[in-house]
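**Student:** The lines below spell out each chain.
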Amino acid sequence: MNRFLLPLSIFIVVVVFLGVGLRLNPREIPSPLVGKAAPDFSQPQLYDPANVFSPADLKGKVWLLNFWASWCSGCRTEHPVLMELAKSGEVPIYGMDYKDQRDEAMTWLRRWGNPYPVVGVDDAGRVGINYGVYGVPETYVIDKQGVIRYKQIGPLDPDTVAEKILPLVKQLESQ
Amino acid sequence: MIPEIGHFALILALCVAVVQGILPIYGAAVGNSALMAVAKPAARGQFLLVLTAFCCLGYAFAEKDFSVLYVAATSNSQLPLHYRLAAIWGAHEGSLLLWTFILTVWMFAVTLFSAHLPEATRSRILGVMGLVSVGFLLFMLTVSNPFERLIPAAPDGRDLNPLLQDPGMVIHPPMLYMGYVGFSVAFAFAIAALLGGNLDAAWARWSRPWTTVAWCFLTVGIAMGSGWAYYELGWGGWWFWDPVENASFMPWLAGTALVHSLAVTDKRGGFKVWTVLLAIMAFSLSLLGTFLVRSGVLTSVHAFATDPKRGLFILVFLAIVIGGSLALYAWRAPRVGLGGSFAMLSREGMLLANNVLLVAAMGSVLLGTLYPLFLDALDLGKISVGPPYFDSVFVPLMAPAVFLMGIGPLAQWKKASLPDLAKRLRWAFGVSVVTALALPVVMGNWAPLLSLGLLLAIWIVTTAIVTLRERLAHVNGDTLLERLASVPRSYWGMVVAHCGIAVFIVGVTMVKGFETEKDVRMNVGETATIGDYTFRFDGAQDVVGPNYTAARGIFHVSRDGHETTVLYPEKRRYPVQNQVMTEAAIDPGLLRDLYVSLGEPLDDGAWSVRLYHKPFVDWIWGGCFIMALGGVLAVSDRRYRIAWRRQEPAVPASTRTAGRKVA
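Protein chains in written order, with our numbering: chain A, 1067 to 1241; chain B, 10 to 672.
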């Protein structure tokens, strides 16, 4: 081959890869926890600190665990989607208030609505560490045996809920 | 109103850029001097228009005009003025405006210092720069308009990312962009030469100072970025092989190769094809860096908020500019022919080897940077390539390059003799080896890499002394001072820049070999010792800054019972974005830095604290500044001053002759 064409050929290959790369999301990292048992915890509940919230209580159910915080702007974006999903009654969403102030969290839920039957409090972020939370919001789909089946990093949007979460929930429920 | 003026100025600038990109190049092709004459006023007009836009955006920031979306997104009413102005380049849209503005600054500079160029060449150069500018202006006006309005206006802005609220932000991006964009001049020279078919020594002589100046800016820009990361990120590292750091480093490597290759083309007429390719490569890598930062294809701390439309636009632009110039290269370069022949053992041969090593290093950085993307695109999994890869590839490539750097300046052009070189260099070699082996033992920590680093650094300095001595023997002058003065500045430039590398290597080696760090919990009144220094923690106070609140720790540092200094590291909370920033406190010194950063508050006023003792760390950046100083010396050489003085033909012929009569 003509050696003067070599730089151009290399460049074309790089451009093709960059083009493909544009459609990929480098932040989408497969969680090593998917397919493993959800780490156990027992955290005080936001509205009832005397009682604890623990995944053991939810054995036999398919449910979502949503890490959020009142200081997180992505959670605000995601919130209407959660409210809609909660209203549809397709799957229960349990909340984990991550590194937050209790009063601020309650004010936030009063203001924007509360999609969660129960909210746990993870003020030190220990549960977040066990679940490998990069940043809030993050949402986990957990099956009847308590195994994590899916992890969403960043806000949920209506498309993800309709195309990924709900079909997965249906499939898990039928098992 | 003012933002609309800025927006309108950008639209006008685009129109001018289109004219500047088409008419002069066409004029040069058909030999129409009226069309060629358009280039200069168009370039100057474009400069003024983009300057206007830039000032309008600056005004919007200064006046806190939160009805401009970009201003509302990147500043806040509490933000001090100098950071509000630096916020112009605090995010994607504005930094693009800075890019374009600097491109027009370089264009304007070309119109000022190009009177000695043939008209066709100058027209082509400005035309090519105009075309590059068209791409950037279109990009801004279509998908990244910094003047977009926000109606109704925001009551207050979302603030500049606290990480960027630092003096480094004021100066680092403009310096870096001056370097990046400065390579566009060498690129335009190369394309102009390919178009005109006149790749000769004169072309190289004209390109040289432009390339060197751009290289100096890039060197300083990268060094400042590295220094900023060192004190801002709070864990004492100075280079992270982050994709965006690599994006600035690759043009530097290509640019360094270009500077040397141009020297051969200028002096010996050789390497023409290679030089052209390097000129295209240096600027292409600058553009690639722009793409990587703004498209979101790679994760990086520097990445701007991403938008696939923008990514696609830059990719298409990249494909046109780089693809087009490489196609032009493939078409025209085969006819250029080779320069004079030379033996492998000659100055040309060593410069060629050096260039190949630099380009190989550049290639391996490129591969490491894009590798995660390649794997992901082929669906082979997600990985990240980190420092272990880069360190293990980089050292073996750079070590021989540095070794050659010592010999190259001593070798004759065309053909050198090995026994002769060995004879001239035996003292330098002996001194380097003995010192490099003995010094770490004396300092009490012998390690192979430590010795290698010192060997290379001492080798550079000793060979520089040998070169200089030989040079002094050949110049006129009675006293040493006179003889020193008659060595040309460009030669001094080379010596100084090479010694800058030596200083840099000493810094890197000593920090790696001798730094000590401690991660400790400290109660109030407790002490910790690191190296010879004792740090006493005297508690943390709350302080209030203009737009943040902070806990400020107090550390009394002493050595042998004498107080050395008091350090005040801070943990700042910026309420607008609710972000916490670590402000390390550093006591810099020629031979060592003491570095303290606060971790997390613990109970009873105790804190987790990170302490570092970093010997010679400032030499890393000092070395870079010395390299840049070398570049400045080279550019200030007499021959360029003469060339520029000869540019008088800019004045009409009649006044010129009149002037001469008076003289």
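For the record, the hints were derived by calculation from the structure and aren't laboratory data.
Keep in mind the model is a prediction, meaning the values are calculated, not measured.
C-beta atoms are modelled at their ideal positions from N, C-alpha and C, and glycine is treated no differently.
There could be a bad hint or two in this list.
[Said to hold, decoys possible] Straight-line alpha carbon distances no greater than 30 angstroms define the calculated DSSO-like cross-link-like pairs of lysine-lysine that follow: (1) Lys1217(A) / Lys1236(A); (2) Lys318(B) / Lys1230(A); (3) Lys391(B) / Lys1217(A); (4) Lys1165(A) / Lys1217(A); (5) Lys1210(A) / Lys1236(A); (6) Lys1230(A) / Lys1217(A); (7) Lys391(B) / Lys1102(A); (8) Lys1210(A) / Lys1127(A); (9) Lys1210(A) / Lys1102(A); (10) Lys1230(A) / Lys1127(A); (11) Lys276(B) / Lys423(B); (12) Lys391(B) / Lys1230(A); (13) Lys1165(A) / Lys527(B); (14) Lys1125(A) / Lys1165(A); (15) Lys1125(A) / Lys1210(A); (16) Lys318(B) / Lys1217(A).
[Claimed, not checked] If you want the footprint, here are the derived chain B segments under chain A, 3+ residues with CB under 8 angstroms: (17) 323-335; (18) 567-579.
**Student:** All hints are to be evaluated individually against the structure, with a verdict given for each.
**Tutor:** Evaluation of the provided hints:
1. Lys1217(A) / Lys1236(A): 16 angstroms, holds
2. Lys318(B) / Lys1230(A): Judged against 30 angstroms, a Cα distance of about 25 angstroms means the pair holds.
3. Lys391(B) / Lys1217(A): Between Lys391(B) and Lys1217(A) the Cα gap is close to 16 angstroms, so the pair holds against 30 angstroms.
4. Lys1165(A) / Lys1217(A): 20 angstroms, holds
5. Lys1210(A) / Lys1236(A): With a Cα-Cα distance of about 12 angstroms, the restraint between Lys1210(A) and Lys1236(A) holds, given a limit of 30 angstroms.
6. Lys1230(A) / Lys1217(A): With a Cα-Cα distance of about 11 angstroms, the restraint between Lys1230(A) and Lys1217(A) holds, given a limit of 30 angstroms.
7. Lys391(B) / Lys1102(A): 20 angstroms, holds
8. Lys1210(A) / Lys1127(A): Holds, at about 5 angstroms.
9. Lys1210(A) / Lys1102(A): 13 angstroms, holds
10. Lys1230(A) / Lys1127(A): It holds: about 18 angstroms lies between the C-alpha atoms, which stays within 30 angstroms.
11. Lys276(B) / Lys423(B): Holds - the C-alpha atoms of Lys423(B) and Lys276(B) are around 11 angstroms apart, at most 30 angstroms.
12. Lys391(B) / Lys1230(A): 21 angstroms, holds
13. Lys1165(A) / Lys527(B): Given pair Lys1165(A), Lys527(B) holds - Cα atoms ~28 angstroms apart, limit 30 angstroms.
14. Lys1125(A) / Lys1165(A): Status holds; Cα separation ~26 angstroms.
15. Lys1125(A) / Lys1210(A): Satisfied, since the Cα-Cα distance of roughly 6 angstroms is no more than 30 angstroms.
16. Lys318(B) / Lys1217(A): Holds, at about 27 angstroms.
17. 323-335: Three-residue rule met by the region 323-335 of chain B, so holds; n is 6.
18. 567-579: violated (count 0)
In summary, the structure is inconsistent with hint 18 from the numbered list given earlier, while agreeing with all the others.
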